[in-house]
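Visitor: Now for the letters of each chain:
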Amino acid sequence: MANDKSDVWQGTLALMVLKTLEAMGELHGYGIARRIEQTSGDLLSVNYGTLYPALLKLEQEGYISSEWGVSDNNRKAKFYKLTRAGRKQLEKEAREWEQTTAILARFLAPGEVSR
Amino acid sequence: MRAIRAWFLRVGGLFGKQRRDSELAAELECHLQMHVADNLRAGMTPEEARRNALIKLGGVEQTKENYRERRGFPWLESLLQDVRFGLRMLRKNPGFTTVVVLTMALGIGANTIIFSMVNGFLLTPLSVRRPEQITALAIQQKNVPVGVSGFSYPEFIDFRNQTDAFSDVFANVISTVALRADDRTDQLSVSYVSANFFAALGLRPAFGRLILPGDGEVFGQPPLLVLGYSFWQKRFGGDNDVVGKQVRISGRAATIIGVAPRDFRGMFSPFEIDGYLPLGAVAMEESSDHFTLDRGQRRILAFGRLRPGVSVPKAQNSLDVIALRLAGQYPATDAGIRVRVIPEKRARPQPYANDIFIVIGVLFLVFAGLILLLACMNVTNVVLARALVRQREIAVRAALGAVPSRLIRQMLTETLLLALLGGVSGLALAGLTNRLAPSVHFPNFPLRLDFAFDWRVYMYAFAAAVFAGIVSGLPPALRASRADVNSVLRDEGLTRGGKHRLHSDLVIAQIACSLTLLITAGLFVRSLEHIEGTYLGFNPDHVLNLITDPSQDGYDHARTVEFYRELEDRIRALPGVQAASLAGSVPIGSFPARTPVLSESQPADPNRQPPSILYNTIDPGYFETMGVPLLRGRGFTEGDNETAPPVAIVNETMARKFWPHRDPIGERFRMKNATGPLVEIIGVARDGKYQTVAEDFQPYFYVPLAQNYVSRRVLEIRSRVPPESLAAQVQRETHAIAPDVSIVDLRTMKQSLEGGTGYFVFRLGASLAVQMGLVGLLLAVVGVYGVVSFAVNQRTHEIGIRMALGASPQDILVLVLRRGVVLVIAGVLVGLIASWALGRTISHVLVGVSSTDPVVYAAATVMLSCVALLACWIPARRAMRVDPMVALRYE
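Residue numbers (the numbering used here), protein chains in the order written: chain E, 1 to 115; chain V, 116 to 1006.
In silico EDC-like pairs for lysine to aspartate or glutamate, Cα to Cα no more than 20 Å straight-line:
no. : chain 1 : residue 1 : chain 2 : residue 2
1   : E       : Lys78     : V       : Glu138
2   : E       : Lys57     : V       : Glu192
3   : V       : Lys179    : E       : Glu59
4   : E       : Lys78     : V       : Asp153
5   : V       : Lys171    : E       : Asp42
6   : E       : Lys76     : V       : Asp153
7   : E       : Lys78     : V       : Glu144
8   : V       : Lys772    : V       : Glu782
9   : E       : Lys78     : V       : Asp136
10  : E       : Lys57     : V       : Glu180
11  : E       : Lys76     : V       : Glu138
12  : E       : Lys81     : V       : Glu138
13  : E       : Lys57     : V       : Asp136
14  : E       : Lys57     : V       : Glu184
15  : V       : Lys179    : V       : Glu192
No lab work stands behind these hints: they were computed from the structure.
Isolated chain V (complex conformation):
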């Protein structure tokens, strides 16, 4: 306690220095006077008395110094001194300061932006009670990676009832619905939540009430709707009267009961959920018959709140036991399943095999780190050059008794100050970039790009600045502190030797870092190119998609069919329209239907769930409109209607998987389950992409709309004119036929392809990587140019002598360039090795390109070498034009 009290007083002692000093002086003076007076009384002469007193006091200045050391913290005072001195030096050299601060700002800014993204995606905790207790439960079926499927409702209930490791197990199903309110329809991303969802998360409504355990998981009840906060703001203007409002969801009456808290955006981060419905309402969806009973319908994303004191491995053990029990109980569906307990942050937006988002996040942080290193090396260069100018000053300090550690501290203080200034500018730069970043639109889900700066981002920027200050300042400081005081002071000569070595190493390191960045950027660009060049299985040019769902607007089966017939006719008649046809879904960008498929010729394995296959319901014109090639057999005709036998067209992959080495035409399979309709295959279509542009080929089949009624359909319009130009007309025609049918979505195929399931992720990745590559290149070039120019300046004298002795300008050019070339080659070699090593770790992030793609390696090497040599050539040219007379008089 005493020690702490004394410590505080000492901290206090750092301030009010002058007053305290004068007080001490007064006290000592008083002491002296008393002593003198006593001495006089003892019979000394005045001079003698004073002299004796002074000797006894033992040096006023020393006493004061001792006293000061005790009063405050001497190290802190010398630090403040260093800071003051550093700031003065920086003010005196505004050019130097500006260059270094800007370089640091670039490096730290890039890091801050990338980190704020990673932070927003992966690190920001959910705004719920005790978020660290929340874990994602990922069900994993035998031989299938994590994250391919969720829980079925009966499985979820079994696990929830049997585990005691969690205080709550809760769930949601992510989907989209159409909300019709006030004669307007909106697409909502929704969570169907289990009854205990909000209670388990410990959330309170912003307004009204949330879905309560009492609302139950009763299936088929008229649903209650809780709005997401920002959707409430956006759609209803934050109107309180919204509670109790009657609306229609997917054609059914529903009631809005409340608004979720503002900071809670759902359990599908980083996507934002617009509304919450009771899990029981899932049954409203067409594809969800038997949702409560079918152990094969795995759509539920489950979470658990760990009981206090229960660790993840302990919870894992508990679930493993239950999984084993269930496997014995339901071998057909649950054999070999496991449930993995994953901390919530590592399972965003949902559990994924091999943590792909975390890998990408770390990868970009590494890139950003390389950029910071490049920036640091440039700063080191500049500081080294300046250390040479300050050599005399430093030598004088050393001669006056400054120990090396003191010199190092003082020089480090300067670079740290620069780095902190750079950090502040970098934060400003990053903040500005974030604000200017264009908002990104996703077709299906509102991605919330919320890269707000919280304390983590500030801490990271601060850490980056400190790191940058030390890394860039330490080598010059160490060098300067070791300088030979004698030789510097004696002849003012420039010490040579180690300096060139350090400069060379810096150039090599910069070239290597920059090359690594460029190669990785190149690999991302090639990935994007590959994806964009991938054959999609259809022709996406000149297609406009119109999605409607008349059943949501109260249309029955007959009126819906009539509406579509009329719509198709009128759109086909529009000028500029080449063809139009209807389908249940559109490839890439909307949810395709799935069904279990049981091949008739293969006996069903009782231990295995029949595979769930994607399919589309189409009309006879679909293949022609979309340009899907039919490889064998025939397409659908008007004759394939309700009265005709059910038929299907499969894709190549499905044909190969289900009927290997056989002609699939004429084979039959059942949809849905063992008693479902038996469908005969009449054709084989070309493989394509169905859900995302980057997926592998997967089984897929088509069935006729006439035999498989759906109310939600896409009208795919192929045009001769730019499809955007038709949009207004299509909208008018739709309203002319049925003013009460709302348009769910109207956009071109190209626009859909830019979305989240299309090229968006790849474009974002590639553009980030390219920008980082270019920043890296810029920094490296500036660095190389700086080092070579500096070397030329240092050697002006030598060059003059060489020329005086008869060297031609060309010889000088070669002399200077040779060194540059050697360094560039060395840097490129190191960079190639580093890229190769890094490439191996990112190979599974790349699509359709090897991590050692020779084109990328060659292009990056050539590009960097050319630019780097140009950076050498400019100073070399200057060296060539050195006038020997001037150069010799130089010193």
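Chain E on its own, in the form it takes in the complex:
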């Protein structure tokens, strides 16, 4: 990538998509991407080539559903929204993620791990 922003990697992208949809309700693909970038304080750049397959995967797994609708500026767009299973999955993944980061934080905190 030409810019210095980090790419979002696969596993976390799904979590971010779910969280975004929880916060925003119905949203189209472009909106999801922008929202993720904004939330990250423009530190992240969403690769659209991975975003759409990821959306498809989530939909196949039943965590989100999609519907064609009309956007704010009267454009035909595909809107995604969270399903009940998706809500549960989000809770679960968020919990796991917190655990992971907590563990990693302990490792990275200076002096805590004996050499």
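Please arrange chain V on chain E, whose structure you already have, making use of the hints.
Guide: Here is chain V on its own, set in the frame of chain E:
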């Protein structure tokens, strides 16, 4: 769960590709537009806005590809692509496709036919409840192989009462009876079944009722008859009124009570049972006195239904304990006996030593496998030749980035498609052959040649097709994938080297396979020849046999004797009749009588059952009529009647076994038991065959009819004219004397010999083996011809140069032939070794011929070599006539 759901959606994603693609395009386009709009709002110029959005999106096509991969299964899509491409290639080359499909069809068809036979004989489960629980119980006496005898009734009862490994132990006795109904007599193959037989099998009647446990095993009751379904259809036209019908069985009143279920054909597979009688009715048969008490009368075939959770070895242990107990209790009859527990499928039609039917089945499957291999090798040849033509196409694909595994997959897909098409055609071919196969008639038992195609046959054909596709496609595919892309693309030259090696190996393998098939076919033919040439102990030419049994038609002793006397007189008076005489049975093809024999000069061993010996009751003219040579002593005369002392004539084997190194004439023995009649030997007759044409010589003796009354007799008529021509007249004469006596059987001795106990099995085996041998030969010849022609074509250029440099046409002929000869010799050597190895395993299936019979080996080798060399010679001749000028301009 989520994964499964996603998987299903992905499978769904394989379809409706275009709609989904356009939907994705719309979504991405919308995305792009929104992005552009945002950029514009942020103050970019339209061009800049669009460019930035496109860069950010990161390549629409790549995104689409990623999306597609997630949507379906990429490997499955590429497989479908391969299949579509393969089908297109096959359509474009109809000649190639036809040749390969036909070759495959031949190979797979032959396999399907053989497998459907093996399936019908050995694999199809009985149509009973939980057939896998049914086991055959084979009693084995000391020093005697399994299957020589069955259980006696008291033994059966002992085992049934004492074992707890089986939920049911049930039994039947296979026999034939005459059924008289509506003034017509039919021969029926019947099972006398134990009271629990149908209940243990879990069967329900098609109509009426079956024999129930309540019907008991009471002996001497008026019998109840259950008809077999197809006999009911055949004889009574499927008439429901048949239940309750009064009929006569072996002269006794009986009642038809029901019809067995349609899919159940009895426990003597592959033979079909026409009727079922209670076991108690066995006592009706003349030879069955004391059936319930005599531990030596071993006629019962027993079965057990394993209790759930009981394994065969566990059941075996349980029976071993009982056998040991019985041996202690009844040392005279049961010492050293064992009862073997054998899964029912492995004991058809009854338990046999060394599983002979299974061996034969496997053997023919191996033959069929060889034919399939031959067919595959031919296909490999053709595909190899075509791979050369397609070399450029394949090289281009490789240059464009197709990895070897992808190339192999694509080429394998093509041969697999061909093989599957071949499989379908092969199934059609096999089905057609099955339908056209002539029905086979057995004199004693209706053999049910029911080779219907069930799922096993289809699975087998499918497996054979997949096997054929991979085996024939893999070598060319591997070779093509390894081809050097550079050299092919640069000079269009034909890569040489490995190709010839593979072709040579194929020729050698084909010759070897074909030779093995031919030699085995030859061994079977020699077996048949040997059997047909075997001296039977009598002269079977120009003999017509008439079987009647007046006692079944209500005749008493005196009327029966009178009937036979008159019949004999009238038949002898017919023009064309040379001689006629009466006997209790006819050798080969009807049931001979048996009796225990106790020699007077040998003290009876209390630990051994006296041997049971076959015998025949004959009149004084029998030896002359049948052409049985009397070696010593005298034949029977009219003087050997009821009032004279009992006499007998023994055969050579009996004389040697009972009275070794002694003159048997004047010796005496008892029939039946220790208190039976004492019989004096007055002559010795030549050994012969009595039950089957392939049996070893066994003890046998003759006693006069006048001293041993039987009501069922054969009138053996020796004629000067073809015996068939007398049949109608004999029938008329019989009815003229006694219109109420029914003819049980009327056929020539030759016809009897073609039956199940005669040459039938050997003819069937030999004709199957020969047909397979010829198919194999044909495939091998086509293969050799193809390879050599191909090689000649490849070398046209070289041959042209040689001729231009002064080689004579003869030199060229030698050049081409030499290679052919070397390959044929190599193939023959490999084939001889393979045949030798295979021959050792089939030696006990052959009769009267060694598995290394030099005549067969020589004949097969010469035949195959000649044909193979001819297949080389034709293309070699063509090479000889190559015009050097044309050949040099060739490329």
